[in-house]
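S.K.: Going down the list, the protein sequences come from chains A and B.
Note that numbering that gives the first Met the number 0 gives residue 116 to position 117 of the first sequence, counting from 1, and the numbers run on in steps of one.
Note that numbering that gives the first Met the number 0 gives residue 69 to position 70 of the second sequence, counting from 1, and the numbers run on in steps of one.
Be careful, since some hints might not be right.
What the simulated footprint calls covered on chain A by chain B, stretch by stretch (three residues with Cβ under 8 angstroms from a Cβ of chain B suffice, anywhere in the stretch; the number is not a length) [claimed, not checked]:
no., region
1, 42-49
2, 73-80
3, 102-112
Source of the hints: derived by calculation from the structure; they are not laboratory data.
All C-beta atoms in this analysis are idealised placements derived from N, C-alpha and C, irrespective of residue type, glycine included.
Below, each chain spelled out in residue letters.
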Amino acid sequence: MPVLFLLTVVVYPLFYAIGLSLQYYRVGGFAGLHNFAFAFEDRLLGASLRATALYVVLAMGIECLLGLALAVAVQRTVRSALGRTLAYLLFIVPMVTPPVAAGVIFRLMYIPEYGIVNVVLRDLGYHGRPILWMSSPGMAMFSVVSVDVWQWMPFVFLVLFAGLSAVPPDMIEAGEVDGAGGWARFRHLELPYLKPLLLLVLVFRFTDTLRVFDHVQVLTMGGPGASTEFLSLYLYRIAFKFNNLNYASALALYVVIVVSILFAVASRYLSEELA
Amino acid sequence: MTSADRAAEPCTAPGRAAAAPAARPRRRRSLLRGLVLASLGVLAGVYLFPFAWMVSTSLKPTRELYLQPPSLWPLHPTLDAYAAALVGAGDWVLLRNSVIVCLATVAATLAMALLIAYPLTRLGVPPRFRRGLLSWLLSLRFLPSIVVVIPIFATVRTVGLYDQLPALVLIYTAFSLPFAVWMLKGFLQEVPQEVEEAALVDGAGRWRAFFRIVLPMISPGLLAAGVITFALAWSEFLYALILTATPRSQTFSIGVWSFVTEFEIIWNQMAAVGVVSALVPIVLLLGARRYVISALTFGAVREKA
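Only chain B is shown next, with the shape it has when bound in the complex:
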């Protein structure tokens, strides 16, 4: 860290006579602490409430939606809204599409990311090329997707992939690759070179050494990268909106959105699909929570929680 040395400068604080062990400042400090803690508690409530409200709305029967004043919790909780949205409105097809697209994206992304990250860390790649490639990958992260989607739309239409699941898999893979490469690069660097060399000396081929030694050692990284790729692809909206047209290829995000655009919004069904679409990544990423921040910042921040 470059700024560490600057931090070591002697600090010039105002209070010189710190020796006063007075009880009063301490009490004031604990009062302040209590206040801060209380406001943090309130903030936690504010943060969780929107989510709880959506869950509560999704469990209400239609009659209860328009109660004045609205009840905080459903009086007669029911799963009707879920059934109506998923089965009645046929959104389970979109759910299935989403699962297929996400799984295919995860498989393709992991395979390709390994194919890029492994040579980068293990083979004699010139450092300039290495740095250039990595920073180019990083720059893709910052490109607004709407900018890329216009030519991609035109291309996909000419190729004949419009309104087809493979088009989405292709695009999602391309745009998950940057962070997956960065993440796997970090994990690969932690596998000591000697371990692999030992395997090579023992007569294992490069492939064998890779599959038997390296791959198991980075399996936590693969799992985390896979989970995060899945969640990102699951949440994606813009490409899906533009590259699909019919339930044949629409993903669940589109299903959620289409509840909003209908003339009369059925609030409890909209809340129900919202819950389903939010629950999948939340459950997945709570499992991989240790890696979320690290993945979102391209490994710049290592979180341990």
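Isolated chain A, as found in the complex:
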């Protein structure tokens, strides 16, 4: 059974990682839990975790709220099939753009001297110093989040829009006869249908923002300083720039444990939807 192939590709590296994580860096030899304990003293790791948390909250939050609002707005205003198909096509384009290419796109737009964003700002009457979108800490965070939102807000939109289309139309009509206004219609008629899908979207966006790597690597490479050095980029640097595979494995195992616990909790609710 090819399941065996998957098992070897996934399980063998796991044991290999455990082996690595129990050894000392460079000198080798059994280190016990030294690498695991060191994580608690690692201040760079702390900074990286804080940056990651901020990124996850910002990107996931904006995507979900905007996507939800947009799904409701389009559902209510765009009635023609052509309009809906156009919206669908429009939104599928950023989603299927490779993250690396998305990074390139925004890198082009955010060039400080002649990038289109700063030029437009200048035309709108902003005459301060050019904004350094990628090389000042706050703005760098904004830039990488904006790419994520551009790419993945459509995902939230499309999933929730599909959910809204599943609400039986006669129920909406009945609600209108009963005098349900816009908000009541959303709160009592549509939201119950969307709840499982919202959960699904949250799980997907949470895990994806948690492991973000590609477009950040193109846009800021974790900089300036460590302001956008998210978990994946930090692990990458330790493992492949400092060649400390031992410590990196220990950190990776922490992540596996945390993600597994989260998945176990989420899958209880998700499996009903998926199976």
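Fit chain B to the supplied structure of chain A, relying on the hints for placement.
M.R.: Okay, now just chain B, sitting in the frame of chain A:
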């Protein structure tokens, strides 16, 4: 759907006297509708603009890059940047690598996914094992790749596959399998058991029944799964970054990225490779657009557009 019954609760809305057929609320509503439509139009512009800007930059000759103010469209459009990047910088080799890796991944993924999905849906597999396997596959989707890549890197290096295309094919296959299995499982379930049984009664063997009856019936699913696998493998960056070192095995994503890291970025060439790398999955997935959402959510959402 579990929440359907809750939705059926009578709604307690504020407006009791809905009988008022006043013209004013209706006009206000259509005004609101117009506003929403207008802002949706603006949003569509915002969404498309970044892409258009990349295309426009890629068509500009180098002189026009630094115009103040920059022109929206190239004044003298040229394909020079494409030629310089693909031929001059030798990125066509990476393009070729990418195509090889993606095609091999698609073939391997489809074959393996069928080998897993078919027994799961057709043979008497205990339901507990079935559920367990499917949810384990799903969990692989959520594992951050950087976590897996560290031991994989170490393993690949010891096995001697470092900087070789087969290593990438192996990894991509392993990580496309979960969604491919889920997707094909859905399609296989839609083929009625009776059709196959009829073929068996008529004297066809299990293999023959599979190749002659089942496979043609799920061919749209195979095509969609193949296209999506191709696009995902095409876009992949992290494994390629870590498991390759030279143009012998680097994929096109790496080519795009290496334009960014160079000391002086040549913007129009960078835009050109960006366009090429984005265009392939966009064209492919617009063809398979009906299945994109369904594949990305492991079949939880069925989209019809």
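S.K.: Each hint: holds or not?
M.R.: Structure-based check of all given hints:
no., hint, in the structure
1, 42-49, "violated (count 0)"
2, 73-80, "holds (count 4)"
3, 102-112, "holds (count 8)"
Hint compliance for this structure: hint 1 is the single one not met.
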